[in-house]
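Asks: Just so we're aligned: 147 in the working numbering is position 108 of the sequence shown, and the numbers increase by one with no gaps anywhere.
Among the hints, a few may not be true.
[To be verified] Below 25 angstroms or equal to it, Euclidean Cα-Cα: the simulated SDA-like pairs (lysine to any residue) are:
{"#": "1", "residue 1": "Lys288", "residue 2": "Asp305"}
{"#": "2", "residue 1": "Lys289", "residue 2": "Ser331"}
{"#": "3", "residue 1": "Lys289", "residue 2": "Thr232"}
{"#": "4", "residue 1": "Lys289", "residue 2": "Met211"}
{"#": "5", "residue 1": "Lys288", "residue 2": "Arg265"}
{"#": "6", "residue 1": "Lys288", "residue 2": "Glu343"}
{"#": "7", "residue 1": "Lys289", "residue 2": "Arg265"}
{"#": "8", "residue 1": "Lys288", "residue 2": "Ser331"}
{"#": "9", "residue 1": "Lys289", "residue 2": "Gly233"}
{"#": "10", "residue 1": "Lys289", "residue 2": "Leu230"}
{"#": "11", "residue 1": "Lys288", "residue 2": "Thr232"}
{"#": "12", "residue 1": "Lys288", "residue 2": "Trp266"}
These are calculated hints, taken from the structure and not from any lab test. As the structure is a prediction and not an experimental result, all values here were calculated from the model.
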Amino acid sequence: MTALNRRTLLRAAALTGAAAATGLAGGLAAAPASAAEAANGPWLVSVGWGVIQIDPGRTTPRPLLSDGDHAKASPDGRYVAWVNNAWSGDGTLLPYVAVYDRVTGERRTLLADPPGVLYGAPTWSPDGREIALVTGSQQDRLIAVDVATGGTRVLVQGHAMSSPDWSRDGSMIVMHWRSRSEGPQLRVLELATGTVRRLYTPQAGERFAGPVFTPDSERVVFCTTRWYPDLATLNQSLASVRIGGAGLKKLTDEPRFYLSPVFSPDGRYCAALSIPPENEYPDGGNIIISTSGFGAQWWVPGDEYDDSSRLDWARAA
C-alpha cells in the first residue's frame, strides 16, 4: 500500500467514525477510535508559536491560540493555560502566563514579567484551582499559581526543572530534574510533606522526557532512548515506572519517535506525538493513540504538525 493510499484510507476511516489502527507488530486492523472520540474532547497541539485544535471526527486542525506555547486544558475542559517566553524591544510583548476560556473566548493574563524570566509548561491541579509551572531565569523554581487571583507560592526551588505533571489524586507532581551532583533524573514532589524523591535515573547517554502520571496515579509514563541508544534514526520509546521507583516497563515494541504522552480525560487511552513510518522527512509528527494498556495503536489522520512541542487531550467543554 502506498503512503498516499494509506493516508487516504485513514482519512476516510476517521470521517466515518471507524479509524484504522496500526498494531505494535505493524499492519492495519480495526480500532475503537469512535469510542475514544465519543468519550473525550479535542486534542490540543502546541506548535511552537500558537496552538491548534483537532476535534473528534475531524482531520483538519483549526487555530485555537495565535501565540504562545505548551498549552494545557483544565480538568473540566473549559480553560486552557499556556505560556509565552518571547518579547519585543518596544515592550509591547513580554513573557506571560495566560488562561483562555473555551466557552466565552475570554483571554486573561495571570503572570507577566520582563525579558529574562522564563516560563515552562503548565500543569493543572485536579480541582482546577491552581496551575504549577517552572519559572526563573535558570528554570529552578516550581511555583503554583492561583487561577482566580494570580497569587503564587513556591513549591520547590534550587535545581533546574522542567515538564511538571500533577497527579490526578492531587498528592504529587512529577518532573524532569537536574541534580547538581547526580545529573538528570525524574523526581516526584510529595505535596503534603514537601519531600522531593528520586523516581528514575537514566543510563549513561540516555535521553528522556515528558513524564506524566497514569490516571490511577500509581505509575509515571515517559519517553526514553534507553532501549535503542545506537540507532541513527530519531527514536524515543514509551516506558513507565511505579511511583516508588521500581518496576520499569517498556510499553512500545518498535523503535519509533514518541513525544509528549497524555492520557485521555476518561483514562481509557494514551495519545502522543509520533512520526508515521511512511513520512520520509520527520516533521514533528502526527497523533498516535493507544489503549491504556498499550496493546493496540492507531493514528489520528490529518496534517503533520511541524515542530510541535506538546500534545494535550481536553475534556469536551
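Asks: CA of Lys289 to CA of Gly233, is that 25 angstroms or under?
Replies: 30 angstroms, violated
Asks: Does Met211 lie within 25 angstroms of Lys289 when you go C-alpha to C-alpha?
Replies: 23 angstroms, holds
Asks: Please work out if Lys289 and Leu230 have their alpha carbons no farther apart than 25 angstroms.
Replies: 28 angstroms, violated
Asks: Do the alpha carbons of Lys288 and Thr232 lie within 25 angstroms of each other, as the hint requires?
Replies: 28 angstroms, violated
Asks: For a C-alpha distance cap of 25 angstroms, please report whether Lys288 and Arg265 respect it.
Replies: 11 angstroms, holds
Asks: Does Trp266 sit within 25 angstroms of Lys288, going by the straight-line distance between their CA atoms?
Replies: 11 angstroms, holds
Asks: Has the given pair, Lys288 with Asp305, been kept, meaning a C-alpha gap of at most 25 angstroms?
Replies: 23 angstroms, holds
Asks: Given the hinted pair Lys289 and Ser331, is their Cα-Cα distance within 25 angstroms?
Replies: Since the Cα atoms of Lys289 and Ser331 sit roughly 14 angstroms apart, the hinted pair holds (cutoff 25 angstroms).
Asks: Decide if the proposed pair is consistent with the structure: Lys288 and Ser331, CA atoms, cutoff 25 angstroms inclusive.
Replies: Roughly 14 angstroms separates the two Cα atoms, so the pair holds.
Asks: Does Lys289 pair with Thr232 here, judged by a C-alpha cut-off of 25 angstroms?
Replies: 31 angstroms, violated
Asks: Are the Cα atoms of Lys289 and Arg265 separated by 25 angstroms or less?
Replies: Holds. Lys289 to Arg265 sits at ~9 angstroms (cutoff 25 angstroms).
Asks: Quickly compare the C-alpha distance for Lys288 and Glu343 to 25 angstroms and report which way the hint goes.
Replies: Measuring from Cα to Cα gives roughly 29 angstroms; hence the hint is violated.
Against the hints set out earlier in the document, violations occur for numbers 3, 6, 9, 10 and 11.
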